[in-house]
Each structure stands twice: as structure tokens, then as C-alpha cells.
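Since the structure of chain V is already known, use the hints to place chain A on it.
Number of protein chains: 2
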Amino acid sequence: MDSKQHAGGFKGSRLIRFFPILGWLKTYSREDFNGDIFAGFITAILLVPQGIAYAMLAGLPPQLGLYASILPPVIYALFGTSRTMSVGPVSIAAIMIASALAAPEINTLGNPVESAVILAAEGGLILLLMAVLRMGGLVNFISHPVLTGFTSGASILIIISQIPHLLGLPKAPCSFDINCNIEYIQLFSTTTTGIGLLSLTILFFFSKPLSVILSHLKLSNSLITGISKCGPLLVVILTTLLVANYGLQNTASVATVGKITPGLPILSLNFLDWEKWQLLLPYAGFIALIAYVESVAIAKVTANLRNQRIDPNQELVALGISNLATAISGGMSVAGGFSRTMVNFSAGAHTQMAMLIAVGVLSIAVIFVTGWLELIPKTTLSAVILLAIFPLVKLRNIITTWRYDSGDGVAELATLLGVLILGIEEGLTLGILLTIVSFLRKTSRPHIAVVGRIANTEHYRNIDRYQVETWSNLLLLRVDENISFANAEYIGDFVLKELAKRSGIQHVILNFTSVSHIDTTAFEALENLNLHLQASKIILHLAEVKGPVMDKLEQTDFLEELRPGKVFFRFDEAVRNLGKI
Amino acid sequence: MDSKQHAGGFKGSRLIRFFPILGWLKTYSREDFNGDIFAGFITAILLVPQGIAYAMLAGLPPQLGLYASILPPVIYALFGTSRTMSVGPVSIAAIMIASALAAPEINTLGNPVESAVILAAEGGLILLLMAVLRMGGLVNFISHPVLTGFTSGASILIIISQIPHLLGLPKAPCSFDINCNIEYIQLFSTTTTGIGLLSLTILFFFSKPLSVILSHLKLSNSLITGISKCGPLLVVILTTLLVANYGLQNTASVATVGKITPGLPILSLNFLDWEKWQLLLPYAGFIALIAYVESVAIAKVTANLRNQRIDPNQELVALGISNLATAISGGMSVAGGFSRTMVNFSAGAHTQMAMLIAVGVLSIAVIFVTGWLELIPKTTLSAVILLAIFPLVKLRNIITTWRYDSGDGVAELATLLGVLILGIEEGLTLGILLTIVSFLRKTSRPHIAVVGRIANTEHYRNIDRYQVETWSNLLLLRVDENISFANAEYIGDFVLKELAKRSGIQHVILNFTSVSHIDTTAFEALENLNLHLQASKIILHLAEVKGPVMDKLEQTDFLEELRPGKVFFRFDEAVRNLGKI
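Residue numbers (the working numbering), protein chains in the order written: chain V, 27 to 607; chain A, 27 to 607.
Next comes chain V alone, as it looks inside the complex (with noise of 0.2 Å):
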């Protein structure tokens, strides 16, 4: 392992890992600033049109968007864990801010400007309190084969959501009608599609083919990653030029960026009402999930590539901060995002401080251009969102996943048909619902096997798939997983049916190998068990039970109870005491 990221990252004191800005700071060298520097510039290049691309994309004007991209990632810079995550709007929060605010009870609120600010001080809140409670892990319970699901149906949605933009369509008259539909697309403008296409086809360009051409000429990598990722900055100076030199947006009613309040964000305080808290609650729950879920799977990505480590926790701390500063500051809810991340860790950054120079070159751009910003049309701006959603949607994982695990394939798909379909949060309910039942499901079935041993040895194996030696009078079952409510009806079930196979037996003997808690329901099925098998004259035997386990059984009457069965250390003893040939 790399000890001095090892030390900078978590053997330090506990300033450090509240802090963990601290610890790389003080080994921080000239070769990391070299690093830093151009990916933050990159990365600031990447900064501006998202900021306001997201923005757009979650109905909010464009500088909810900026401001989400000034003070949070300052924030996580101080308290985050991955070194190269770039925190700030993304897209799939922004569609489901979207989705919130078209919700029937919060539109007729009106002032979306501060419902989505108080979702990102209620996303923040809830992380911190994930954080509290230490609750990181039950995010675990939005599976992989959920989330890529959830992921690809909500890019889906997304691009669904760009194509009025793209071309300069007026805002959607019809749902499902096919007729209506092609009505509407016939609408479409001229000058902004063409735009539009332009800058599809320039992102295209410069998304694949141009690093191609230029690793023919030999240019170093973090060159042409750096020319590579200008093509969003080029587009967005072209067509707002182009915009601006022939006056499109009048003489062609191209739709532009528009109104942009110039100067930093101003902290405040101006959005406690108690009734919009209470109905965005729900929502603000699962853009904090989802948030939180796609950071750390994409801190842990990169932190992988470099052997670093990402402390869950530490995670819900810096999201959650970040979350209450972009709120504070007037912001929208904000996330580690993919695109963005892969940028800055490819063009080289080392650390957060790639990320605070790019904060400073957006603060100069929002100082003193945003006249310019105004006029960035928005069909440009769909174009960087598309291409930067297009990898987001992966169908053909669906049928990968099918292969392995055809529950797992049920879960994405039936999330996926579910955003579509039901709708963002409804999806992803259903995606997690699907996993949870059908993992207690799985539970409640757990994996015993009646036992042998293998000739001259001390191991025993299962009796259905090995050669194993086995006694008349003896009944060896070896329980694999917790005694919990979930499964112990089972569990005594099946020795009762495993005992109706047989005759002669006059011993069971569990093998708790496996069982390190015994929960109130599970310990009274054990109670029960014991007492059936002793009105049939059998005794019953534990054996390789665990400390704390013991511990707790030797705080009931159980082992009284047991008598004349007994716990034995090593099951082969207790095989070797009680089996007759």
C-alpha cells in the first residue's frame, strides 16, 4: 500500500478525518500543484455550461446552477475523502428537482427558486443525519443492478426532456399522442436546430474521434485530454457568438440563457417556510439518496485507480455540508458528477485543490461575463447535456445482468420501466422495494446442509454433493447463515422434515459455525425445536458456537433446558462422542 496516502488519508489524528483537506495539504508538492492546475482549469472549462445546462435541465434559472458550482465544491474540498471528485450540479438530481417541482402540491406553491434551494438544505439535513445515526449503509440498499437501472431510465427521461430545446420547440402540447406528436415536431425552428446539430456534431468530434487524430501526433496525454475537453467551452463560444454577431435571438427567436444576476452568491437564511419543508420532505429524501449513492460510486472509482480510500461516512459529512452551502448560498442540490469527475481526474488533478482553482475561474466568469453567459443559446446547452447523457444510458447491462443473476435482471428492468413509466421516485421506490423482498425472501430460505464427514479427515461436507461418511444415529446439519425472525421457522422446519426421512435417530447435531447472532424470535424457535425433539426422545446437541453467542445463550436457562445435550466445542468431537456404526 501507498503508506503516505495511507497517512495523509486515515491514520491521522481525528482532525484529520473530519478534515481531511489537512492531511494532504501537508505533504502537498510543486508536482501536485502542476497537476492541479490544468485540470482545474479543465474542469472550470466543464463548469460553466453545466452549471447553467442543470440548472435549465431542473426548470430553475442559471444561477442556481452557478452557485452550486462556487461554494459546495469549497466545501468538499475541506471535507470530503476522494481527492478528485468534482461536487456540484448534476444530472440526474436536477431531473428528479425537476420532477418535484412539476409534483402537483408543490407547483401550486409557486416560487420553484425556493423549493429547490429548501431541497438542498433538507438533502443536506438528511445526510447529516445518515451521518449521525451511521446509517451510511443502508444506502447499500439501492443495488447495482437498481441503480444502473434507475441511472439509464432517468438519462432516458433526460433526453426526452432536451429534444423541445434542441429544437427551439415550444414547451410540449401532447403526451402519448402519436398524432399530436408529429404535429409538434413539425413546429420545430430552423436556426435553433441547426445550431443545436452543430454543436451535437462539434461535442461528437471532440468526445472521441479528435483524441484519436491527435494521439497520432504524438501530443502528451493530459494535452490532448486537455484539447479534448474544450470542446463544451468551444461550442458554447461559437454559438453565443453567432447569437450575438446576427442578433438570433431576435431575428430568429433562438432561445437563450437569459437574465443572469451578475456577481457572487449572496448567503442567506430566506427559505424557512415550515409547510414547503413538510411537502418536499420525500423528495428531498431521494435526490440526498440517489446524491449520495452516485458520489461515493464514483469516489470509490477513482480513489481505486490510485489506491486511495473513501470513507462512507466521512462522505455523508462533506454531502451533506456541501448540500446545507448550496442551499445557504442560493443554489440547487448538489453531487459528485461522473463526466466532471473523469475530466478532472483525467486531465491529472491530485487533489481537491484541482477544484478550488476551478472555483476561482468560475467566480471570475460569473463576475465579470455573465452579459456573454446570457446569450449562450439553449439549444447548445442540450447538446452538453446529451452528450454527456448518452453513457449514462445502458440498456444491454440489462441482458449482462439477466446472465448472471435473473432477479438482479427483473430489479433493472423493472426500475427502469418503472421511471419510464411511473415516474422518477416511483421507479426507484420500486427498484428498492423489489430488492428488498426479494432479499428477505431469500433470507427466510436459508442454506442448511445435513452433513458427513469425509473419510479420515476432520471436515464435513454436504451429503448431497460429496462422498461423506454418515451415522444412523445421528442427524449433523450444518445451519450457514444467522438465526434471525427472518428464517428460524424455517430452520426448525427443516430439521423436523430432514428427522421424518429418517429412522434411528436419536442425536441432532447443529453446526453454528456460521451463526453469530441469535436473535429473541430465533432463540425461542430454538427453545421450541428443543422441546418437540425431546417429546420424540431425541436429543439435541450445538456445537462450534461462537463467543457471543455463547455469551448471550449463557445468560437464559437454555443450556438447562438442553440437557442431557450438550455444546461441544468442535462438531467433529461431538460426532466422535455420539455416533454409533
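Hints may contain errors.
Unchecked claim - No farther apart than 16 Å at their CA atoms in a straight line, the calculated lysine to aspartate or glutamate pairs in the EDC-like style are these:
#, chain 1, residue 1, chain 2, residue 2
1, V, K606, V, E495
2, A, K578, A, E553
3, V, K468, V, D431
4, V, K578, V, E553
5, V, K578, A, D431
6, A, K302, A, E131
7, V, K572, A, D490
8, A, K578, A, E550
9, V, K563, V, E587
10, A, K572, V, D490
11, A, K468, A, D431
12, A, K523, V, D337
13, V, K523, A, D337
14, A, K285, A, E400
15, V, K527, V, D490
16, V, K592, V, E580
17, A, K197, A, E209
18, A, K578, V, D431
I should point out that these hints are in silico values taken from the structure, not numbers from a laboratory.
Structure of chain A alone, referenced to chain V:
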């Protein structure tokens, strides 16, 4: 094991599996009949007042309880796997029906009789659906502590609900206002209260002191049971005669049961109101769940005492059809009743023939003596309910549970308080959610042990608990649970954390002896862990991989990715091959 019973209950053909009655009828003997006829009469004595009382408790006309005591027990006798369970109206389901009928959205629809019948029909369908999907295991997720807390809470609500009937008070006008309640109680009717207290006293005398006296008289046990179970019948007859003789229903306004349609139920499907079905569905789900869980618990208690077995899935079928039968015959929801079943069992019932006899007796009563049943004072029925319900309030159990497992204690208390404060369904939901969340949380932190070898053996144990041999270049880990989305991240993090504590590790060997399944998420995490370790020049190995898991891994490229890491058959073999001392 008792081979006759197993032959009857489980080894027979599929026909016997579906109609367990065929199992015991084949070997039905004179001795069986002697037990059954006595128990049948005793149980019938209980069925009449309980049927009327539980209908009253649910806020329904008496015949819904009586009808529920006729067809459903006959159906259960055909399909049920318990020999002695008495299926019919039960108190907990009754209060849940009352709660559903009182819900504003149901109440406004009017016609509570129709609603109650729909609840039963829907409950029956839900149970059958669970049987088809083999989801019986899911009800395990009502853990014993939650079930106990729920039963205690619901029983307290029942007790409170009976006070007005017992004292002859009008409908309660005040909820939590103490002064109002004091004034309200002062409105009690002397005559009604007198009859109620007389009933309570007689019932209490029959419940315990009488059997003690009778056993001093050296009577046979079943005779003692028979006599002491006549309490409810006796008070009903006594107080009804009192009312009839003095016309108390008119002179002293003693409330009586009132109009009962004479005769047997008429089968009908006249309850197919689709809107009501939708609104009642969640309530029906809760009632069905509790009916099933309590029935199986009671069935198991009596079956265990006679070394018989209950088939949980067949119980879903039997209770499902029984509830459809009650709906078609115009009755309320049914389940196995605890007190009635214990009476039937201890009066010497051998088979469901006892219940068939009881139903015969009850039917005669319903046909011929409805005029008398109408004059039963409600206060007497309240006394019957109270005596049956008191033992179900188990407050001290919370302390016992808490001592064994504090988490379970919290769940029990929370469910109890939830039922009392939030409502019946809400309290139950709270308890189930608490159980599932704490279970998921526990599962997301599986037990993993760093192990070493006990000298001169092939046995490996936790290095924190045992004196074991270790190797400086090996990290030996035993994963004690299945690897799934719930804990995949945790396991990876655990390995990295343990590595960070050590230096010089060349091999990480995971003992998969407890791993029966690896889902998609966990598989991807395992791949990531392997990549991460390879980046640090550490080799990952697996050992004791089970057959089904190996089958899955061979389907993927993982075994190649692992190289030079290997999969060892035995853990000890891996250690001997790779360990350097």
C-alpha cells in the same frame, strides 16, 4: 417420531397434502370420537357467546360473528393441517375490523356489513395469493417481539372499548379530556354494571378457582375442563334469564344483543363493489397477515404438544379458503382463536371432527333459539371478552425481551405504544418497519473474522478470541455471511482496513465456507477488490467455495481475473501453500 401421524399428515399422496382431512379420517377410531364429541360440545358452548361478542367488538350485527362460526370451521377441517385449531371470529381481528370500519374514507361509504364481508373476501384472496407465490415465509417478518407488542396493544384497546358496554354507558363523547371522562363514567347504569360485575365474578371463578376446587374432588381432568369451560355459557344463560324475567331491557334500559335473523347463512356474492374493494385493500392485508401469523402460532403450540406438524403453506390455503367461505356466507373475517383452540385441545379434541360437532351444535342454536340470543345483555358479552383478553396483555414480556436483546425490546415497546397512540395498523407497520430496518442495518455489517490456526490442527479461529498461529505474509479472513448488495461494500472496506493495519502482506485468503450466494452487486465488488489488491501487488485467493457459488463464478471471467490468485478446496491447503513463517 409418531409414524402414524406423519403418514397421515405428510407422507401421503398430494391429495392428502391438499385435503389433510383424508389423512386422519382414514385412521379415525372410536377413541378419537370419544375425545372429539366431548370437546365439540365444550367448544360450541364458547362459540355462541364469542361469535356474538366479537361481532359486537367489530361494531357489527351479531349474525356476522355467528355466520363466521359455521362455514369457515367446516372448510378449515377439510384443508387445515392443525388437528385441534378452532377457526372462527377472533378478538384481535375484530378490533382491526372495527378500526377499518371507523376510518373516515370507509365510514362515509356506509353499509359496514358489506365492508366487513369485503374485508374477509379480500383477506382470503390475499392469503391464497401468498400461498400461490409461496410467500408464507414473508410473514416471518412480524417477529415475536413485534407480535407480542402488537397483541398487548390491541388487547388494551379492546379492554378500553368494552368499558362503555360493561357499565351501560352511552357512546363515549370525550377522548383525552380527563374531566369529561370523569363526568362520562358517572353516567353508568347501576343495573347494567351490576350484571356486568356479576358476570365478571362468575367468569373469574370458573377461570381458575373452580378447577382447583374440582381437582380436590378428584374428578377426571377432562371433566374438570368441561365443567370449568361452562362459565361463559352459564353467565350468558343466567343473565339472559334475568333480563327476560324482569324485562330489564325495557325497565332498566339494559342493552341487549338485539335483532338476529334466525336460520343459517345464505350464500351470496352480493359484495362486489369495486370502489370499496380498493379502499379496503390495505386494511384487509393487515387483517389477513395478523390472522395468519396468529393462527400458525397457535396451531404450532398445540401441534408441538402432540408431536404433530403444521404445514405453513397449506395453512395459507386453508385460512384463505375459510375467509372466502365466511365472506360468501355473510360472516366476518376468521382466524384460529387462541382461547377457543386451547379449550378444544384441553377438552380432549383429537381431530377437526370436534369442530364439526361444535358447528352442528351451534347451527341448531342459530336455527332454534335466536329469540333467546337476542336477549343476551351486552354487558355480559363484554365480561366474556374481557376475561378472554386479559391474558393477552403481556407487559412484563417487554422487560424479559429487553434483557435478552435490547433491539428486540425497543421494537416490542415501540409497537405497543404505536398501536395505542398512532392506531392499530400504524403501530403494526411501525413494528414491521423497525424490524426490517434494524435487520437490514445488521446485515449491512456482516461478521468477518481475521483468523489464525489452532496449533497442530486444521482448525482456524478468530485471532481476537483464540491463541492461534499467524503468518506475516498472509491475511486470513473468514466471511460469516452471504455476500450481497447489502454488505458487499462493507466486506471490501473491511479487507482494505485490515491491510492498512499490516505490512508485508502478499496474499489475502477469503474463506467462503458460509457464502451460499453472491449476487450481481457483490460480484462486482469482489472484482473491484481484486483490481484494487492487484494495484497494490497483493494476490487474492478464495477457499472452501461452495458448489453453487463456484458454478456461478465459472460462468464469468472472474477466475481468470483472479490469476495468479487461486481457488483452494480447503482453507488449510491454501495456508500451507502460501504461508511464509
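### Query
Can you list which hints this structure breaks, lowest number first?
none
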